[in-house]
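So the sequence lines, in the order shown, correspond to chains D and C.
Going by our numbering, the first sequence opens with residue 36, and the numbers climb by one from there.
Going by our numbering, the second sequence opens with residue 36, and the numbers climb by one from there.
Since the hints were made in silico from the structure, they are not lab data.
Among the clues, some could well be false.
To be verified - Within a straight-line C-alpha distance of at most 16 Å, the following computed EDC-like cross-link-like pairs (lysine to aspartate or glutamate) qualify: (1) C:Lys-51 <-> C:Asp-96; (2) D:Lys-326 <-> D:Glu-356; (3) C:Lys-326 <-> C:Glu-356; (4) D:Lys-51 <-> D:Glu-118; (5) C:Lys-326 <-> D:Asp-103; (6) D:Lys-326 <-> C:Glu-316.
Protein chains: 2
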Amino acid sequence: MSAHDRRLLAWAYLSKVVLGSCPPLAQLISAVGPEDAARAVRERDLSSFLDRRTSARAHLDTAARDLDLVEALGGRLVTPDDEEWPRWRLLAFDGLGAGRDDAGPLALWVLGQRRIDDLTARAIGIVGTRAATGYGEHVTAELAGDLAVEGWTIVSGAAFGIDGAAHRAALGVGGLTVAVLACGVDRAYPAGHGRLLQQIAGTGAVISEYPPGTTPARYRFLARNRLVAGLSDGVVVVEAGWRSGARNTASWARRLGRPVLAVPGPVTSAASTGCHRMIREGEARLVASAKDVVEEAGPMGVDGEQDGVSLARDLDALSGESLQVYDALPGSGSRGTRELSVESGVPIARVRALLPVLELDGFVGSDETGWFRR
Amino acid sequence: MSAHDRRLLAWAYLSKVVLGSCPPLAQLISAVGPEDAARAVRERDLSSFLDRRTSARAHLDTAARDLDLVEALGGRLVTPDDEEWPRWRLLAFDGLGAGRDDAGPLALWVLGQRRIDDLTARAIGIVGTRAATGYGEHVTAELAGDLAVEGWTIVSGAAFGIDGAAHRAALGVGGLTVAVLACGVDRAYPAGHGRLLQQIAGTGAVISEYPPGTTPARYRFLARNRLVAGLSDGVVVVEAGWRSGARNTASWARRLGRPVLAVPGPVTSAASTGCHRMIREGEARLVASAKDVVEEAGPMGVDGEQDGVSLARDLDALSGESLQVYDALPGSGSRGTRELSVESGVPIARVRALLPVLELDGFVGSDETGWFRR
């Protein structure tokens with residue numbers, strides 16, 4: 036045991052020290068590598084901000100033990116060093132503000148055999164209230180089952196109610212599902228879902244940005260919701276009260292530019308109140324079937340390119356710097372990143388971050404001559 | 036009997052001859068009066084179009100008998116001559132195209148004691164499938180009951196299913212309700228609703244643009260739907276299949292600039308398919324309660340004037356000539372109709388027709404100096 040490579044040990048140490056995302060640390064790592072970053076943290080040779088953020092746990096070094104533990108459970112620590120790091124998915128976080136909680140994960144602790152990038156290549160988040168009704172569980176099972184059969188990975192939070200029904204339905208049809216936890220992957224939370232989590236890890240993945248041993252906490256559930264949205268092509272809320280975690284996941288999806296979808300239900304059911312209000316306020320689009328979901332969240336190539344209306348609508352969805360960059364592209368022909376930066380007035384580093392997102396979303400393409408409009 | 040005034044007899048004759056709306060005839064009547072128009076029709080002294088439209092029944096003169104019959108049932112023929120003619124409501128038809136089926140009614144046969152303009156001053160259309168589920172009937176009863184208690188008249192088509200539940204709920208709370216028929220008001224259609232129609236006429240009104248004796252026909256149901264929409268501030272669809280009469284009523288409401296609202300239901304229920312698709316396609320706004328309905332269809336003064344967002348949204352809803360006329364109004368101060376016509380390029384007759392609609396919708400006001408923006 037503990038024959039871990041030093042780079043990975045450094046990642047594990049850093050993950051434990053910050054317990055979550057930390058953009059300045061990510062920047063430091065990307066500048067000097069994880070080992071030097073870990074040394075700087077350990078020696079508290081840091082900017083005052085980073086020192087404040089890391090000093091409380093800088094003395095803890097459970098890296099080898101954490102890696103051993105996860106390995107013993109059949110898991111691993113996935114970092115931006117790895118090919119399977121879902122970098123395309125997580126690029127959308129670069130489009131957000133610079134707030135501490137707006138960033139992608141530093142690294143991901145994973146139980147399961149499949150590569151994370153493959154698992155999340157076509158993924159739908161399905162979330163909802165823990166206090167699901169029979170109707171909600173039934174609809175979730177139909178929806179998740181139909182999507183999983185069509186090859187979509189079902190991403191959710193492993194909570195009771197809608198989350199659990201979504202995971203179970205995917206497993207039930209032999210499909211793929213990913214559970215994102217607000218605690219270490221060594222913990223079964225909720226405890227009643229221990230067996231379910233084992234099953235999920237058996238064919239899909241159980242994921243957390245927190246190292247083994249981390250206990251669930253309210254703010255970690257919110258951070259977890261951001262990963263459910265971040266790892267998905269779109270988020271479906273099946274049943275939700277007005278103030279529910281599912282709405283938080285939905286608002287993450289919206290910020291990340293992913294479609295937010297909601298399933299209606301009887302207006303006599305309190306469990307559908309949140310979905311109805313989201314639809315009514317224009318925060319979510321109504322979906323009634325897996326077909327509707329795929330229409331909204333599926334690859335643009337399927338519908339969008341033949342459909343001027345939906346393409347136009349999606350262009351309307353671009354805003355801020357993304358729109359500036361898009362508008363800087365010529366009507367025909369291509370343009371390089373530097374030219375696009377000059378033309379759009381957007382800093383070149385941001386242009387470099389935004390273009391792959393625009394490409395994933397089907398707005399732009401690239402070849403050896405540069406970037407062009409689709 | 037038959038001591039009817041000659042002008043009313045002429046109206047009754049013309050209503051029987053055209054059996055529905057007929058813009059050229061309405062124009063002729065407004066130019067020469069009903070008696071001369073009736074003489075021209077009887078003597079077939081008409082444009083070829085009008086002759087074609089009236090020749091088949093020009094020889095029928097059941098006017099006195101029809102008036103007697105309706106009077107015996109406690110009813111009357113209401114025409115644009117009458118103070119109670121719901122002219123403000125029906126003005127919206129002037130904003131439509133010139134197609135034969137786009138016009139307001141020539142006259143209305145009415146059973147019931149109340150004035151039609153009063154009855155429809157605050158009115159919500161509630162429509163839906165005849166094959167309603169228990170859920171649909173329950174929600175209709177709640178919605179119609181709550182609205183009726185708040186003083187809204189419930190307008191519907193007296194069909195089985197949602198229509199019947201809407202009328203009954205209004206009656207049940209001692210509220211007002213109007214049934215618009217696709218046949219003469221002397222006919223109980225559907226037959227199973229004979230007693231219900233009597234009750235409706237007892238406190239509200241049973242209305243038809245067709246003279247007594249007219250039988251229901253498919254195109255008359257479509258024309259009837261246009262009146263349900265035309266007499267309402269907004270239309271709520273409770274349950275509807277995709278190809279249902281309720282959707283037709285909704286599309287009339289949309290054309291008339293009235294809010295189209297739809298109640299969601301279980302996605303597992305075929306009866307809610309039409310509602311879900313209308314919401315999904317942006318054809319209707321989701322409503323889950325009477326409060327939601329009033330928010331959408333209520334007078335702008337209640338919400339709109341304090342709420343910049345909703346006012347802006349409603350201004351966005353203006354289009355075509357209405358917008359031209361609105362834009363021709365000065366930012367402050369007022370302007371006369373002739374000036375507005377010159378300024379907007381909209382013919383003065385249309386300006387005269389559109390301004391009262393804009394006023395009703397809360398966009399403009401008028402005083403002795405002319406018209407001004409609100």
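Do the hints match the structure? See the list:
1. C:Lys-51 <-> C:Asp-96: It holds: about 8 Å lies between the C-alpha atoms, which stays within 16 Å.
2. D:Lys-326 <-> D:Glu-356: Answer violated: Lys-326 (chain D) to Glu-356 (chain D) is near 32 Å, above 16 Å.
3. C:Lys-326 <-> C:Glu-356: Answer violated: Lys-326 (chain C) to Glu-356 (chain C) is near 32 Å, above 16 Å.
4. D:Lys-51 <-> D:Glu-118: violated, 22 Å
5. C:Lys-326 <-> D:Asp-103: This hinted pair is violated, its Cα atoms lying about 58 Å apart.
6. D:Lys-326 <-> C:Glu-316: holds, 14 Å
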